[in-house]
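S.K.: Whenever a hint applies, use it, and build me the whole structure from the sequences.
Below are the chains, spelled out letter by letter.
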Amino acid sequence: DGGITQSPKYLFRKEGQNVTLSCEQNLNHDAMYWYRQDPGQGLRLIYYSQIVNDFQKGDIAEGYSVSREKKESFPLTVTSAQKNPTAFYLCASSMEDRGWNNEQFFGPGTRLTVL
Amino acid sequence: DAKTTQPTSMDCAEGRAANLPCNHSTISGNEYVYWYRQIHSQGPQYIIHGLKNNETNEMASLIITEDRKSSTLILPHATLRDTAVYYCIVRVWGGTSYGKLTFGQGTILTVHP
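From first to last, the protein sequence lines stand for chains Y and H.
Its first residue numbered 1, the first sequence is counted upward by one per residue in this note's numbering.
Its first residue numbered 1, the second sequence is counted upward by one per residue in this note's numbering.
Don't take each hint at face value.
To be verified - Calculated cross-link-like contacts (lysine to aspartate or glutamate; reagent style EDC-like; alpha-carbon spacing at most 20 Å):
id, chain 1, residue 1, chain 2, residue 2
1, Y, LYS70, Y, ASP54
2, H, LYS52, Y, GLU103
3, H, LYS100, Y, ASP38
4, H, LYS100, Y, ASP54
These are calculated hints, taken from the structure and not from any lab test.
Predicted model only: the values in this text are computed from it and were never measured.
M.R.: Okay, here's the thing in structure tokens:
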């Protein structure tokens, strides 16, 4: 089945540790995105990538880093510089970023809790 | 992208039509109206989008007013599984904010038996 996978579903880390969240897609999509969602709030864009080896900061990129070495993969690292890392993290992909029919497909999310 | 305004919550009886309004009075000519929904603790799911004509697919219908300042998402026969947060999003096609979806707080739709 085609889709987006994120692992793990729940993740716990100690304060001050970096942590990397996985996002893989087998939809052959060019564009991929990372969003953060806090309780009762909408999604906010962290980073996005339109093509392999290229990515752009979103609205709240501080304290995060990404890489896009392969088309299928877009891992997100939450660094110790991120002041409030506890949140629900969602990865998404779309076929072609500038097309009019480019609906975004979302993964199941990773809930990160920093203790 | 234009800001949208949605009611915080709505109720609907199972089997009835659910009509979810969205106000986007500052929408520009090249901005589309998108609807997504999010079931608790899951990723958002795309529902439908449109520019100025009414649109229908297997999930829902989208009615956009002639002046494009508001729209309504219609779920024709709501089921309990339609209980979710519904987001109305206005975004530019081909503008500088490629791919960006600006999510507000959405409408919590609760479908009752």
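S.K.: Does each hint fit the structure? Answer for all of them.
M.R.: Results for each hint:
| no. | hint | verdict |
| --- | --- | --- |
| 1 | LYS70/Y <-> ASP54/Y | 10 Å, holds |
| 2 | LYS52/H <-> GLU103/Y | 17 Å, holds |
| 3 | LYS100/H <-> ASP38/Y | 18 Å, holds |
| 4 | LYS100/H <-> ASP54/Y | 16 Å, holds |
Of the numbered hints listed earlier, not one is contradicted by the structure.
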